[in-house]
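Asks: These are the residues of each chain, in order.
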Amino acid sequence: MGQITLSGISKNFGAVQVLEGIDLDIRKGELVVFVGPSGCGKSTLLRLIAGLDKPTGGTIAIDGRDVTPVPAADRGLAMVFQSYALYPHMSVRQNMAFGLENAHLPRPEIDARIAEASRMLEIAKLLDRRPGQLSGGQRQRVAIGRAIVRNPTAFLLDEPLSNLDAELRVSMRAELAALHQRLGTTMVYVTHDQVEAMTLADRIVVLRAGRIEQVDTPLALFNAPANVFVAGFIGAPNMNFIQGVVRGPVEGGVAVTAFDGRVVPVDAAAGALAPGDAVTLGVRPHHLRRVGPDEGLPVTVHLVEALGAETVVHGRTAEGQRILAVLAGQEPLASGDVIALAFERRQTHAFDKDGLRVAGN
Amino acid sequence: MAGVLGRAAGVLAAPVAWAAALVDRPMRAWQNATGTNGMAAVFLAPNMLIFGVFVLFPLVINIAYSMTGGTALFLPDRTFVGAAQYERLLSCADYTDPKTCEEDQFWIAVRNTGVFVVFQVALMTVVAVVTALILNREIRGRSFWRAVFFFPVLLSPVVVGLIWRWILQRDGLLNAALFQLGFTPHVWLTDRFWAFAAAIGVSIWAHVGFYALIVLAGLQAIPKDLYEAAEMDGTKPGRVFWRITLPLLMPNLLVVIVLALIRAVQIFDEVFVLTGGGPGTSTMFLTQYIYEVGFASLLKNPGLASAASILMGGVLVVLTLVQLAVARRNEAKGKRQ
Chain A
1 MGQITLSGIS KNFGAVQVLE GIDLDIRKGE LVVFVGPSGC GKSTLLRLIA GLDKPTGGTI
61 AIDGRDVTPV PAADRGLAMV FQSYALYPHM SVRQNMAFGL ENAHLPRPEI DARIAEASRM
121 LEIAKLLDRR PGQLSGGQRQ RVAIGRAIVR NPTAFLLDEP LSNLDAELRV SMRAELAALH
181 QRLGTTMVYV THDQVEAMTL ADRIVVLRAG RIEQVDTPLA LFNAPANVFV AGFIGAPNMN
241 FIQGVVRGPV EGGVAVTAFD GRVVPVDAAA GALAPGDAVT LGVRPHHLRR VGPDEGLPVT
301 VHLVEALGAE TVVHGRTAEG QRILAVLAGQ EPLASGDVIA LAFERRQTHA FDKDGLRVAG
361 N
Chain B
362 MAGVLGRAAG VLAAPVAWAA ALVDRPMRAW QNATGTNGMA AVFLAPNMLI FGVFVLFPLV
422 INIAYSMTGG TALFLPDRTF VGAAQYERLL SCADYTDPKT CEEDQFWIAV RNTGVFVVFQ
482 VALMTVVAVV TALILNREIR GRSFWRAVFF FPVLLSPVVV GLIWRWILQR DGLLNAALFQ
542 LGFTPHVWLT DRFWAFAAAI GVSIWAHVGF YALIVLAGLQ AIPKDLYEAA EMDGTKPGRV
602 FWRITLPLLM PNLLVVIVLA LIRAVQIFDE VFVLTGGGPG TSTMFLTQYI YEVGFASLLK
662 NPGLASAASI LMGGVLVVLT LVQLAVARRN EAKGKRQ
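Chains A and B are the protein sequences, given in the same order. Numbering-wise, my numbering puts 69 at position 69 of the first sequence, and it's gapless, one number per residue. Numbering-wise, my numbering puts 614 at position 253 of the second sequence, and it's gapless, one number per residue.
Chain A on its own, in the form it takes in the complex:
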C-alpha cells in the first residue's frame, strides 16, 4: 500500500498562488523526489500531502481513499522534518515512542518496534540520550527512526539532509536509498539538490513557480528534458544554451544557424521547425570535446578549474557567447588560450521559442 494520487491540487496563501493544477500519481513503493528552485512550492506540496496544510482546490487520495478532509494524524503518513523536530526534553526512546503512545499501542509492541528500528538505524546505544546530546547525523537517524516505528503507508521527507555536512550527506543518502529498498515503502522526498534527486529517485518531479514542469526517471530527465527549464535545472554544471535560427531541413532534422553564421545540424521531428524559426540549442558541458584547431568552434578560455579527473573550462566564443565545457582528464590550459570545441549532433537539444523541446534524442 502507499499509492498517493494528487488531482488538480492548488494552494493559495492569501492572494499568492503557490501551487496550481498539480496532477500526480505516486505509485506504491516508489521513491519520488520533488525538486525545484526555492519558492517553487515543493515543500508546500509535501505539507499538503502530510495534511499539515489544506489545499485550496483539488483532492488528495491515499490508496484510493480521498483524504483531503482527513487530519494529518489519520493519514497514516510519517514525516521527517528538515530541522528533525525532535522533542528536546525527551530521550531518543521517548521521542520514538511518543506517536505510538498516542495511538495507545501496547507497551511490548512499542518496545519491539523501537528495538527493531534502532537496530536497523544503529542507534540502539543512543536510546537514553536526549537530542541535545546527539550529533547532526545521529539526530537525523533518530528522526528517521521516529518515522519508521509508526509503520506508515508512506514517508514524507522534507530536505532531510540539508543540515548535514557534505560528507555525511553523501553517506546518509546512500543509507536512505538502502533503507527504501529494504522497507519497500513509498517515499516522497523534497530537495533542492539535484544530485540528491538524481541519485535517490525512482522518478523526479521538477517543479517551478507552483507547476509541474516534468515527471520522469532521472535519466529520462537528463536525456530528454521537456523544456529549457528542466534542461537547465537537471545536470551539473548547467547546460549551455545557444540562440539560433532554423535555416532549412536536412536529413532527419534541420540545420540551425548559430555561433556567428556556423551551421549546426540537429535532430528534429518532421514539421516541428520551419525555416526562419528562432530556436535555442542546448549542449551539456560534458558533451563538448576538444578537437583540432580548424575542426570545431573556437573558444577563448577565461577560467580553468582543474579538478583532477576532469577540467572545467569557462570560455567565450568570438561573438561573446558563454560556453562551459567539462573536458575529461587534465588539460594544460590557461586563461587567454584559444581552443576548438565540438559536439555530437545526437547530443544536441533544441527548444522552440516557447522553451519546449522540439529536437534532440
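Some clues are possibly wrong.
[As the list claims (entries may be wrong)] Partial list, computed: chain A residues near chain B (C-beta under 10 Å): (1) Pro71; (2) Ala73; (3) Asp74; (4) Met79; (5) Gln82; (6) Asn151; (7) Arg345; (8) Arg346.
The hints are simulated quantities; they were obtained by calculation from the structure and are not laboratory data. In this text, a Cβ means the ideal position worked out from N, Cα and C, and glycines have one as well.
Got chain A; can you put chain B on it based on the hints?
Replies: Frame of chain A, contents of chain B only:
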C-alpha cells in the same frame, strides 16, 4: 552643513578633552603606583560609593537599630538590647497559633503573607500561562490585546489600589452594577474572605501582564516544527500542552514563579491603599506590619520594625539565591542545547 556639525562637535568635545587633560596626570601617577588593579578600584569607586551610601549603609544601620530598644528615633539616643527584639518576634508557644505569640501582630502578618504568597503565586502563574497562550494565538488585534494586558504593569501601585477601591467599595462600581442587574450588593472590602480575595485578584491584575510576557517569550521560542511533528504523531491538543508546551516552558515558568514569589512576599502598596490591611488584620501583610510598627503607630518601635525587616530580608535573600540558581541552570541548559 558638515562644517557646522564638525564645529559643534568640537565645541562639545572641548570640555571633555579639558577634563581628560586635567585627570590625565594624577591617573597616570595612580596607575604607576598601584598597577592595573588599582585602576580598576578607581573606576569602581563611584558606583561602590553610591551602593555604599544608599544600600550598604542603611542595611548596617538597620541591623544596628534592630539591636536597640525604646521609642527614640535617633540611633545614639537608643539603648542597646542585643537580640531582644528578635526574641520578642520569635517567641511563640505554638507557631501555628499567632495568639500564643508575644508579638501576635507579626505572626498574623506572617500567616497572611504566607497564605497570600501560596495562592497569589499559584494563581498568577496559571493566569499568566493562560493569558500568554491566548495572546500567542492568531487572534484579531493581537498587538492591541498584548498592550491591554501589559498596561496595568505601567500603573503606579497606588493608582491600582485606588481604581479597585473605587470599583469594590460599598457604593462602588461593582455594587452599582449588581444593583442595576437586580442582585443584592455586597460590602466586599469589609468581608474578610472577599477582602483577601480582592488583595490577591488585584495584585494579579496589576502584574500578570509582566509575567505573561515572560511566558509568551517562552512560547514563541518553541519551534513550530515540534507542534507539526506532534500533529503528525497524532497528539491530542491537551496532550500537546502537557507533554510538549509545558515541559519546554519550564525554564520560563521557574523564572515567573521565583520572581512572583519575591514580589508577593514584599506585597504592600496596592493592598494598603485598597483595604488598609482590614477588615481587622485580615489583609495585613509583613511589609505593612513593619511600616505600622516603625512609622505609623502611636508608639513607634523602630527596633522591632528593623528586626522584622531583617527577618523578611533573610527570606528574600534565600528566594533571590534560588532565582539566581534557576537562572544559572537555564543558562547552562541553553548552552547544552
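Asks: All the hints need checking, so say for each whether the structure fits it.
Replies: Checked hints:
| no. | hint | verdict |
| --- | --- | --- |
| 1 | Pro71 | holds (8 Å) |
| 2 | Ala73 | holds (3 Å) |
| 3 | Asp74 | holds (7 Å) |
| 4 | Met79 | holds (5 Å) |
| 5 | Gln82 | holds (8 Å) |
| 6 | Asn151 | violated (13 Å) |
| 7 | Arg345 | violated (51 Å) |
| 8 | Arg346 | violated (48 Å) |
Hint compliance for this structure: hints 6, 7 and 8 are broken, all remaining hints hold.
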